[in-house]
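Chemist: Sequence:
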Amino acid sequence: MRLYSYTHLVGAAALSALAVASPLHHGRAFDTTTIQWTPCDIPNATLPLECGNLTVPLDYTDTKSNATLRLDLLRAPASKKCDKKRSILLNFGGPGADGVADFALFAERMQAATGGSHDLISFAPRGTGLTLPFSCYPNDISRQVGAQPLAGNASDVALGQIWAKSTLFASNCFAAQNKTGQLIGTAFVVRDMMRIVDALREDGMLRYWGVSYGTVLGATAVAMFPDKMDRVVLDGVVNPFEYYTNTESELFTDLDATFRGFIEGCVAAREACPLAGNLTADELHAAVYKFLDNLKYNPIPLPSPALLGGGSLIDISIVKTMLLPAFNFPTNWASTAATLHALMTGNITAIAAVMSSSGSAGSASASNQIPSSAEALQGIKCSDVRQHTSNLTAMLPVFAARHNMSRMFGDTADEMVARCAQWRMPAKERYMGDFNVTSRNPVLVIGNTHDPTTPLASARNVSETFAGSVLLQHDSYGHDSLMMGSLCTARAIRSYFLNGTMPAKGTVCPVKAKLFTGESGWDTVLKELKQD
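Numbered by our numbering, the letters in the sequence shown go through residues 661 to 1192 in order.
Keep in mind that the hints were calculated from the coordinates and are not lab data.
Where is the CB? At the ideal position from N, CA and C, for every residue including glycine.
Be careful, since some hints might not be right.
[Said to hold, decoys possible] Subject to a maximum C-alpha distance of 25 Å in a straight line, what follows is the list of computed SDA-like cross-link-like pairs (lysine to any residue):
id: 1; residue 1: 1088; residue 2: 862
id: 2; residue 1: 888; residue 2: 733
id: 3; residue 1: 839; residue 2: 1048
id: 4; residue 1: 888; residue 2: 718
id: 5; residue 1: 745; residue 2: 885
id: 6; residue 1: 744; residue 2: 854
id: 7; residue 1: 741; residue 2: 713
id: 8; residue 1: 839; residue 2: 820
id: 9; residue 1: 956; residue 2: 820
id: 10; residue 1: 888; residue 2: 1090
[Unchecked claim] If you anchor each label on the Cβ, the simulated ranges turn out as follows:
id: 11; residue 1: 1135; residue 2: 824; range: 39 to 49 Å
id: 12; residue 1: 937; residue 2: 696; range: 56 to 66 Å
id: 13; residue 1: 834; residue 2: 1051; range: 52 to 62 Å
Assemble the whole structure, with the sequences as input and the hints as a guide.
Modeler: In structure tokens, the structure reads:
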């Protein structure tokens, strides 16, 4: 994307280094209608849900156009009656997720944690679901080939290959999406959210709970419309400055510590974790790294006559790509350890079963498992980036900073940086301001102690830029506070949404569920919240 020389973590001062942006005011009149809600059947929903939609401008920068876009909405109605009905908008991250499956799964937890007096509303952002879907490939076979992972340190030529492949990807996406690819950026999604707020006909104020990338969306909303903020929770925080500048080394801050916690948890619960064997934590830690180093030169052949070429190779890039997202979900760590154990012991039958069920690149089911929506992540994120470059040399300091942040995974997502650097469809509106903002009401920021994807450091940086905000530390592994339940955290969120009460500065909320039990602790939290 841009030419940067940032080779260190971005602190609070850097977050406020850019000029404040001025929100657009659409010149033409636009009828914001009341949303009509109807019951709908969503698989695996933990609460009854309703569907609705809202028509919004397609291009907020084209004040003469009458072109529109339909936003699909989901609502979990409030469980309690109250005099003044209010709604909370939700975003579950990605970017590129339509939020349907996440909302279905987490609706019960979020309703309990917000007090039950609000309607909860999720929406499919631009580039997701049926809302300007973003796809760069003509078919699943092309998509499967394009999805083959490659870690930047997999070989001494890997980074150059990643850069060249990313050039092709950016060109393919431009050819396929140049008509609407500039209309799915975060700033437009913020404006869509404010249209939803207006259509609800409540008090014109945004109440919001954003998770992961949803914190970038939320932080951008706070920065663009500070006077329209009522209650905003940023949970599992991405450093927005690094997001917009395509550096994002801070993302890797806690990855190696999380991996170490995974190893120690396995050894402490070795009866539930065969990976541990009779090893100590130090011995197992060293054994895994030795296995990965060996995998660079000795990938695992996985025969499959049904596949083109008669099978696939399980190399270090594929294994890292499988493991990285798995650390987001502590309730599944026993399964993650079993997968790693199968790989390290050469259990071909178990490996084949895991690869097939996960739809990993190169598996028999991969072409069915990699959806076209996978490109929406790049379509949204890359269009948000503020500067672009075709010069790999200019980007080397960024790659080096990322690699140095994590021995295990620092090179795993190099492809994302390379694609965004060479992107050819900048969003029609990109937020170019800073995050040194005083909003009408303060923001509640939540960061996990050991979050492999959005580290506590990012939550701390963001909380230091939004005036009056408070950082609540959720003392848990996993990605965001929804993964592992804490009564303390849930009560803090509830108090904030119901009456604006902030937790005391320095609050650290414990989590009772133990690792490698498969338990999240949320069943207990939900019962205790109902008794309050």
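Chemist: All the hints need checking, so say for each whether the structure fits it.
Modeler: How the hints compare with the structure:
1. 1088 - 862: Distance ~30 Å between residue 1088 and residue 862 Cα, so the pair is violated.
2. 888 - 733: At roughly 21 Å apart (the allowed maximum being 25 Å), residue 733 and residue 888 satisfy the hint.
3. 839 - 1048: Given pair residue 839, residue 1048 holds - Cα atoms ~20 Å apart, limit 25 Å.
4. 888 - 718: holds, 22 Å
5. 745 - 885: holds, 22 Å
6. 744 - 854: Answer holds: residue 744 to residue 854 is near 19 Å, not above 25 Å.
7. 741 - 713: Satisfied, since the Cα-Cα distance of roughly 24 Å is no more than 25 Å.
8. 839 - 820: It is violated: about 30 Å lies between the C-alpha atoms, which goes past 25 Å.
9. 956 - 820: At roughly 17 Å apart (the allowed maximum being 25 Å), residue 820 and residue 956 satisfy the hint.
10. 888 - 1090: holds, 20 Å
11. 1135 - 824: 39 to 49 Å: holds, 44 Å
12. 937 - 696: 56 to 66 Å: holds, 59 Å
13. 834 - 1051: 52 to 62 Å: violated, 18 Å
Hint compliance for this structure: hints 1, 8 and 13 are broken, all remaining hints hold.
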